[in-house]
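Keeping their order, the protein sequence lines are chains A and B.
All residue numbers in the first sequence are consecutive under the working numbering, ending with 302.
All residue numbers in the second sequence are consecutive under the working numbering, ending with 579.
It is worth saying that the hints were derived from the structure and are not from the lab.
Since the model is a prediction, treat every value here as computed from it, not as a measurement.
Any given hint could be a false lead.
[As the list claims (entries may be wrong)] Think about it this way: if two alpha-carbon atoms lie no more than 30 Å apart in a straight line, the pair counts; the simulated DSSO-like pairs of lysine-lysine are:
1) Lys-345/B with Lys-236/A
2) Lys-77/A with Lys-570/B
3) Lys-236/A with Lys-407/B
4) Lys-236/A with Lys-77/A
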Amino acid sequence: MQARRHTNNFQRARLRAGLLFVLPAAVLCLVFVVVPLVEVFVLSFYEWNGISQDRLFVGFNNFAELPSTEGFWDMAKATLLFAVGTTVLVILISFVIALALDNRGSGRLNRGLMRSLWFVPCILSGSVVGIVWRIMYNYNNGVINFIIRSLGMAPVNWLETYGLTNFAVILAAAWSLIGLCVVVFLAGLQSIPTELYEAASIDGAGRFNLRRHVTLPMMAPSITINVLTTSIASFKMYELPWLVSGGLPGYSTRLLTQRIYFFAFQSGRFGIGSALSVLLIILITLISLLQLVVLRRREDVY
Amino acid sequence: MKRRLQLSRLGGELMLLLATLVMLIPIYYFVIGAFKPRLDIVKFPLVITPEMFTTGNFTYAIKKMKIVSSLTNTGLITLTSLAILVVGASLAGFAIARVQHRFFKYYYATVIALMVIPFIGALIPIVVLIRRLNMIGSLWACVLIQAAWNMPFSVFLYTGFMRALPSELEEAAYIDGCSMFRVYFNIFLPLLTPVTATCLIRCGIGIWNDYLVSASLLNSVRQPTLMVAVYSFFGQYVSEYGYAFAGIIMASLPVVVMFLFLQKYFIKGITAGAVKG
């Protein structure tokens with residue numbers, strides 16, 4: 001009896017101390033993350049210019065009005081194209097690079113150095129990457145058209161051609177994301193047991209079949225993770241694509257995040273901006289849920 | 303047969319080398335460009351000769367970007383929010399990992415859920431909130447926002463790390479009558495170096511490179527951070543390439559130099575959460 005009370009006291013003291021321990025982090029997150037998140041949902045039901053005292057409750061009107069705001073469908077198309085395009089490009093390139101880098105230590109080039117080199121763009125900021133690529137794409141003075149000209153071809157108007165500009169923005173974004181996926185893929189490749197390859201070779205599998213029937217299935221979880229993290233990263237991007245293209249030509253490369261920023265600071269339509277933010281939050285939450293499910297399942301794989 | 307295999311290996315190596323060189327063009331281009339006058343950047347973008355060499359771009363960019371004040375601002379914001387993060391997250395992670403109570407389970411689930419929410423999604427109410435607190439233009443606004451928005455991921459890191467530590471570690475200490483704080487301070491804290499390194503690097507890069515938070519909450523002319531300065535002086539309508547390149551180099555240099563020395567930690571830090579272990 002005495003002993004039980006003793007443990008109870010001990011547990012209660014621990015609980016009290018534990019609550020004290022989480023307090024700083026909890027208060028900070030509550031005030032600056034949770035409250036604003038709740039508020040963005042609340043604001044999406046109001047018409048408000050962000051300054052005046054009274055705001056008008058309009059129900060779902062903001063959401064209903066969204067599709068008719070200027071360039072909404074262009075924005076939706078651009079955002080989807082950007083996210084999908086960036087993800088596909090990043091996954092393809094980083095997978096091939098990771099395969100080349102893995103190669104079971106047979107190469108002559110220094111693997112560690114190569115991996116680090118591919119990683120460098122990932123540590124540069126979006127502002128930096130955006131400005132560099134904007135300059136590189138310049139029609140008259142950029143290095144890309146310089147190379148194209150020296151190869152004897154006609155220069156390309158990267159930033160003022162519908163469709164092509166979408167690709168230009170995607171390429172710049174992909175450049176800054178490839179390194180991350182290379183590292184994740186490499187970790188995946190290195191965790192494939194050599195015995196699997198040996199067994200398959202003994203069964204007569206050639207190089208292509210080894211890749212197709214051993215590497216690819218074993219890499220499925222890494223591929224999923226990379227697809228999800230890259231698509232989240234591209235849905236979130238703001239300054240990099242904006243600096244490269246400025247949303248031009250027309251509205252063809254203007255993204256959802258850039259629209260939110262516009263509604264917040266240029267047009268002062270907080271209600272409709274919040275409605276757009278809610279869409280973004282829901283979108284990213286859905287992708288992350290998918291990621292969580294995959295990560296959980298991956299625990300069993302390894 | 304063997305010869306052919308070696309030949310194809312060699313081909314693969316060459317392709318890899320070529321791909322790496324192409325990938326490096328942007329970096330090479332702006333690094334050499336920063337030391338050349340504008341005309342040479344345009345006419346000979348891929349070479350640099352001693353005759354071209356100039357440091358004038360840097361002199362200009364230092365003035366234009368108010369480098370002293372923008373570096374101070376970025377440095378202060380980064381260091382202060384990192385300090386808050388490490389203390390807050392290691393304490394919270396310790397409690398979540400070591401106290402068995404359903405409150406901490408819910409708390410942890412909330413943390414995980416918050417981890418993925420993008421800052422821009424809550425940008426509008428945050429601007430409203432900071433205005434209401436009368437903190438627009440205060441570095442503290444940036445510090446608090448950065449600490450708060452990086453907190454979920456940091457708590458996740460610390461919790462995972464401490465859950466993996468054996469519970470025998472502190473049992474003897476509790477029996478000897480140590481308080482939980484003593485256990486945290488004397489037994490856990492010294493063991494946390496690896497996870498702290500991961501957390502510092504991951505969050506540090508994000509905060510250093512941030513544009514959105516400081517652009518929304520500070521006055522970009524009077525108190526720019528490095529990335530805001532780079533953005534507002536050389537963004538959108540840049541025509542003076544050399545100045546922009548010099549500015550870019552100065553803004554990225556601290557992170558890149560640290561990367562050179564701590565590559566392993568960087569790669570681990572940035573991919574933490576996506577790769578196990």
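Status of the hints after comparison with the structure:
no.	hint	verdict
1	Lys-345/B with Lys-236/A	violated, 36 Å
2	Lys-77/A with Lys-570/B	violated, 35 Å
3	Lys-236/A with Lys-407/B	holds, 28 Å
4	Lys-236/A with Lys-77/A	holds, 15 Å
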